[in-house]
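Q: All chains, full assembly: derive it from the sequences and hints.
Protein chains in written order, with the working numbering: chain G, 703 to 1014; chain R, 703 to 1014; chain X, 703 to 1014; chain B, 703 to 1014.
Read the hints as simulated data drawn from the structure, not as lab findings. Please note that the accuracy of each hint is not assured.
No distinction is drawn between identical chains; accordingly, a pair holds when it is met within one copy or between any pair of copies.
Okay, derived cross-link-like pairs now, EDC-like style, lysine to aspartate or glutamate, Cα gap no bigger than 20 Å in a straight line [unchecked claim]:
hint, residue 1, residue 2
1, K823, E757
2, K823, D876
3, K823, D888
4, K744, D778
All values reported here derive from a predicted model rather than from experimental measurement.
Each chain, written out:
Protein chains: 4
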Amino acid sequence: MTARRLNENANGVYIISATPFSDDGALDLASTDRLVDFYLEKGVSGVTILGMMGEAPKLSAEESEQFVHRVMRRLDGRLPVIVGVSNAGTDNLRRLAAVSMDAGAAGVMIAPFAGLNTEEKLFRYYEQVGAALGPDVPICYQDYPQSTGVHISVDTLLRMIAVMPQMVMLKHEDCPGLGKLTRLVDAMRSGAARRISILVGNGGLYLPQELARGADGAMTGFAYPEMLVEVVARHAAGDTVGAEDLFDVYLPLIRYEQQPGYGLAVRKEVLRRRGVIASAKTRDPGPALSAPDREELTSLIARLDRRLAEAA
Amino acid sequence: MTARRLNENANGVYIISATPFSDDGALDLASTDRLVDFYLEKGVSGVTILGMMGEAPKLSAEESEQFVHRVMRRLDGRLPVIVGVSNAGTDNLRRLAAVSMDAGAAGVMIAPFAGLNTEEKLFRYYEQVGAALGPDVPICYQDYPQSTGVHISVDTLLRMIAVMPQMVMLKHEDCPGLGKLTRLVDAMRSGAARRISILVGNGGLYLPQELARGADGAMTGFAYPEMLVEVVARHAAGDTVGAEDLFDVYLPLIRYEQQPGYGLAVRKEVLRRRGVIASAKTRDPGPALSAPDREELTSLIARLDRRLAEAA
Amino acid sequence: MTARRLNENANGVYIISATPFSDDGALDLASTDRLVDFYLEKGVSGVTILGMMGEAPKLSAEESEQFVHRVMRRLDGRLPVIVGVSNAGTDNLRRLAAVSMDAGAAGVMIAPFAGLNTEEKLFRYYEQVGAALGPDVPICYQDYPQSTGVHISVDTLLRMIAVMPQMVMLKHEDCPGLGKLTRLVDAMRSGAARRISILVGNGGLYLPQELARGADGAMTGFAYPEMLVEVVARHAAGDTVGAEDLFDVYLPLIRYEQQPGYGLAVRKEVLRRRGVIASAKTRDPGPALSAPDREELTSLIARLDRRLAEAA
Amino acid sequence: MTARRLNENANGVYIISATPFSDDGALDLASTDRLVDFYLEKGVSGVTILGMMGEAPKLSAEESEQFVHRVMRRLDGRLPVIVGVSNAGTDNLRRLAAVSMDAGAAGVMIAPFAGLNTEEKLFRYYEQVGAALGPDVPICYQDYPQSTGVHISVDTLLRMIAVMPQMVMLKHEDCPGLGKLTRLVDAMRSGAARRISILVGNGGLYLPQELARGADGAMTGFAYPEMLVEVVARHAAGDTVGAEDLFDVYLPLIRYEQQPGYGLAVRKEVLRRRGVIASAKTRDPGPALSAPDREELTSLIARLDRRLAEAA
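A: Take a look at the structure:
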């Protein structure tokens, strides 16, 4: 098992991995293996596990560790793995980070929590956590205020980047966030700030625009990772029109999967229909699809298939 | 001037009207006339003014009244008008409602405010406001928790509908909201609840799905109202595939315009580029487009035009 | 009428004025006069009108202006007046500020609004508003995140103070806020920051502690202003024990009046019982006391009277 | 070890237990024993562990179980124990509940989580969780919207009580909450609703009023439990004046300890000064007292001691 450390040059698609459960809610390790194979086969550049969409807070600590090890073993060093370690307590956070780094993870992702209601507190929290983890643990900042309730100014982000060498990546999913992205990229390109890797989330909803503005890739869990991979690849090859054309074909489903607090049920159902995971179960309390939801999804997938066929 | 009262059979597209300002922030009444003509020409079924996207809280009471009168005069009874009257104070709310109804409005739209933190308080507030307005003022409930912070259960909505005959319309823009919509429609179709009109918002982002689930139309302000009108018309004519095909062509822009707290600047800029309003100015404090934003929008519009040409 | 401008040396008690209504909800100008006389008689150093507890958002613009003029006329220059001008729109804010300053107000108070979700946006907003008002309008920043939802770091506050000479006062009511207050006072006393006046709010709930930490006085609307005045006076005279002794006698009522979203009804009822205003009416939608509430209040006041008698 | 089940007749003071840590953040079991002894000695009627103020989310699952067992062993059946089991995942919640009940706990306390944004969702969540726990696990509903962000109507609470026999207790700490309390008590006394036990929180800030309105006691963690016990006892004995007199003596400290997000540091420091726990450490990220904070606390305690001496 190699231990490649995440660094500021990361790019491509870091897929946000689902956490598969069987219908009774137990961790489904066989599906986990298939899911890892699926992501590898689709050509992603990295895997992020135990993020919000990985239902991390619903796992026990043992299950989290078990999942980390299972994914690491299946990947066998073929891809870098980032582990979401956000936790209400720094001790718990550090414990999962240590287990993960020992198992060969490339770095950790940390989102702020709701009590960090000033940017001073936010800054100090990351300093504290960085010190608790030690300088050798690369950190990805997850900027997702729609879910965390914590907003961060460009200035504060740049200050963190300046003083914390271990902060090497931003998961950018503030919304609206295109202007923020441009300001960050400009600061880095002009040399005013140290470069870090910027991967975009939000289900990829603004991916072509974000790549055009300088994002290094995507970190999200759309159930068709091949689209994310191909869009990023086309863009990197200079085919921005082709990238956006492909993106637009998938946009009806991207938008559908991006419904907050519900999209995970869609994502897992698509992964199930694609034969990747055995059950679309999300752990309680979690969303589930109704009969009309499933019909609607069937129709959207049929439309996608038709448009892909037309495009081919 | 006719005074058609809004009722539970309303359908089609009630466009959420922008409020045009000149570059210096003054109310632009000439652009208001052009905007009304534009909406008429695009075939909308009604107009909703002074909603959130109409920047209502930034107008003075005089300006609000002036705008109401200008729109009513220009429309000259050709379309029903709904006036957003939400206000922190019931007296202010009632005053604008009275001015509006006297000027020939068809009804008023009211969103809840943040302090209504239980559904009991929410219910009582609408009862109070309904009593303050009197039974002759038709009300549209704006269910937009992403902005108001106030969520409402299906049960509470149905209870309001049961006891308030003047509640004749729902602006449905909870998100995720498709399941909620289905439950409301089912309750009405089964006779368990009185039928009211349900028009959908959220920039139209889920319009084909919402129509399929039984919505009566849309109430939103997308800068290409002709798309909304045509999608609703095709759907009503049974051409659900054609409706969704057309929708998908516009979806990249719909998604772009739907960025919270920023999309209004996009919408106004598109209306300006289409020659409808003289300036894309939003009143302070409000969003404005940067140079990269404008280029990006240019690219998205060019792509739309290309796809429309291909489809034709 | 003198036009004393608010400056950084303001101290004492700036009472947050209620806005009296008659039982039918109309502005009660006779009670307004009595209220002004009452505040004068109790020895306050200034009056702040149209704050949150002044039900400002429920007044029409005309009523606001009428109230400003009535208070100014009654005071006849005997005390400086600060006018709360917070508004969703900068034009409306500027209009009320202009009316107020023309009428002889000493300055304006501005609270941030919920959309200012980063401290960069917050900073820029105050810069914009300051520019819109012009340098001659003294500003008091209302730091009340429990109500506005907007938190501000000490650093950002100090940056505003550094670049905006017209920001001369802070209404400090963040909670917990004692540590923040100490940091601000330390920065000012050490010369690291320009001194501004700091008056404390939160119903006075932490007044003795805040005075000990360096606050210049209070800006709140407790229904017994004589307590606020005397506590501040004793503290200024070096009698910190006597100040806190007096404060503690009133604390059961202070705590009772400080219940969020309800305390205003208590405050107005006490003012009514003291013969100051004719009705305890708050405008809809607003709180009102039930029969058990009124009995409870009676008991609390009787206890206060008993303890005051014992202390005398 | 007896296994007394919590029921609707519970009353008195259920103390919210702190969780003692040593200066390095490790669980301090020796201090835990002393804390249990202290609570016993002060005459509380029950102990609630792993609540919000017990820093439960910062413990590992192993530590939580260890703490549960330690407390149970030390108490040795002398007092009923309620265990806070709130968790983002129902599996985790059930696991801790099972461990706790097996160890002899009397019941569990569950607070809602932020995503429960309608009362329908809230109701269904408790139904689901009740089913997951089984009917033999008594539940206390923690109604603390200031922290959870979730508000509940009286109607919804009564509906839960009606359909869930295992819901036997309410920790009432909505604020303002006195009117809500009266409505609940009235419903129970009139026979319209099944009686459950209502214990009040909020640091006890409104305890005399709440007892007068019909609360059965207190569930909070004020660092002087003897005051809570004595106030409840005097009230039960009909000495309402004496109860409130005693309460008022402590009110300056009650108010001080009740500062949100900071008060826990005060509470632990007082417990440390009283010789109960070895360290006032709160786990990261958590509040800590500064030098001025500690001086202020010293002064407040000296004042309390003086007033107690005077009263004696």
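Q: Would you list, in rising numerical order, the hints stated earlier that this structure does not obey?
A: none
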